Amino acid sequence: MKTTRRYSNCKYQFLRHPSDNGDTERHYACPCCTFHVKELTDLKKHFVNRHMCYLPPIPSESGQYEIITLEDASPERASSNNTSYKPVSNPQLQGQKRSNENTMLLDGIPMDQPQGDHFVSDDFDVTDAIYHLKLSLKDHRWKLSLEDHLYLILASTSVLLLTPDIFPNELQPFFEHKNWATVSMAIENIYKIQQPPTPIGTLTSLLSIIDDMIRLKLDRDATSAKLQTLQLPKYEKKFAKAVATFVNKLPPVSLDEDINEAELCSRYVDPFLSSLFDDPNQGIYLRWTNESTLEAKQLCSNMRPGISITKTLGRKWVGSLGHGEAKPAARENDHYLVCQDLIKVVIFCKNALDEQLMDGVLGIHIVGRAIRFYVLVLPAVTTYVMYLLAEIKVPDSIQGLPGFITELPSVLKILHVFDTVCVSSDIPDIIAIRRAPTLSSKEFQQIISESKSRKRSCHLHRRHN
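Under UniProt numbering, the first residue of the sequence shown carries the number 1, and numbering increases by one thereafter.
Among the hints, erroneous ones may be present.
Said to hold, decoys possible - In silico lysine-lysine, BS3-like type, Cα no more than 30 Å apart, as pairs:
id: 1; residue 1: LYS316; residue 2: LYS344
id: 2; residue 1: LYS45; residue 2: LYS138
id: 3; residue 1: LYS452; residue 2: LYS138
id: 4; residue 1: LYS192; residue 2: LYS311
id: 5; residue 1: LYS393; residue 2: LYS226
id: 6; residue 1: LYS327; residue 2: LYS452
id: 7; residue 1: LYS327; residue 2: LYS442
id: 8; residue 1: LYS344; residue 2: LYS192
id: 9; residue 1: LYS413; residue 2: LYS344
id: 10; residue 1: LYS249; residue 2: LYS237
id: 11; residue 1: LYS316; residue 2: LYS237
id: 12; residue 1: LYS237; residue 2: LYS192
id: 13; residue 1: LYS311; residue 2: LYS344
id: 14; residue 1: LYS393; residue 2: LYS311
id: 15; residue 1: LYS413; residue 2: LYS143
id: 16; residue 1: LYS327; residue 2: LYS393
id: 17; residue 1: LYS249; residue 2: LYS327
id: 18; residue 1: LYS316; residue 2: LYS234
id: 19; residue 1: LYS143; residue 2: LYS344
id: 20; residue 1: LYS226; residue 2: LYS249
id: 21; residue 1: LYS238; residue 2: LYS455
id: 22; residue 1: LYS344; residue 2: LYS327
id: 23; residue 1: LYS413; residue 2: LYS234
id: 24; residue 1: LYS237; residue 2: LYS393
id: 25; residue 1: LYS413; residue 2: LYS237
id: 26; residue 1: LYS393; residue 2: LYS413
id: 27; residue 1: LYS143; residue 2: LYS455
id: 28; residue 1: LYS45; residue 2: LYS442
Honestly, the hints are just simulated from the structure, not real lab data. Quick caveat, the model's predicted, so the values are computed rather than measured.
Modelling step: build the complete structure from the supplied sequences, incorporating the hints.
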């Protein structure tokens, strides 16, 4: 029998032997999954319904083997049958076992109707739509393929992935296209997310300096110094700093070699992200951590983000403002892995928002040189929205810098949201009431199939990355 290893957490402690502590409420654990109940009769029903394939076969009068239930497995029945049991290979039983492993389990996933303030946009109840999307899990007998059910899987933990320019087919029973557009506009209005006008003067200055370097009028050091001494507003100066860092890091022309994850992060991604978000004078650090977050430690979780934007107070880390994950371009066609990374980013951001009672948390999802920036917000009860702010592709050479500079308006939008939305909420009591539980890794495994296929459609697929 394939058993499941259990880990103690904040709510439950798994013991090998009964405890003498009178304060401990004893539950009976299923040997095949993480399900546990207070009454033994409930465990019996669960085992018969979910794990019948593990019950041993006994020979019937016709000579065929049959599955015995727990009612049949009694001492009286065992003593009345003098025929010895001989194990046989039964393909049907093996098929039942495989089916059992792919069966959808909703144990521990809350399905309660949201009570409280709903997110309504143009008479369309977004909170109710997310709730019915989650309820549709009950319509699935088998676990979901991750690549083409990403929105439904995120809805299981009360998160709506809102991509303004992408309207996925799996949401059509619950959202109309006009609803999708109005919800995007509502989020932008509530959190003042607007694309700023292009600063033509700054754009011209940056392009002129880079053009002089490409035409060999300036060397790299002179170009970098000139970029960093430009008199610019706060956000535009951060972007100029990123361009100056690229000047010192990028090769003259694109390389034909594949880039691994470590080099992708150190040479192409980190110069950009650190220039935007790393601000030691304000106690804010962009960190490539690969270690448990502050929120994960409080929740007894061992999940680790690749990127954390962390705030300090004195000499201590006190909170997270953003989280991210990165994969090299060589993995971009592994849609399962790409979707898995986005789910991790969502969970990290949700835990940070819930624990710190913030207005929003920045999410960063990197595949190759393409970086998607999200902000996770909580506009109503159990209604988390992971809103796509922008997708920016960092350059792979000096020749690509002029095209990258035209991304300045999107960068200004991201920095504005980071400074104004990714902050502690002025209404922490209301945020606390709105929160919903986050599914654990075990609960996600109950609904996500382990099967992978690069042929499955996936809206996260990048083209020309």
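Going through the numbered hints above, which ones does this structure break? Give me the numbers in ascending order. Result: hints 15 and 21 break, sorted rising.
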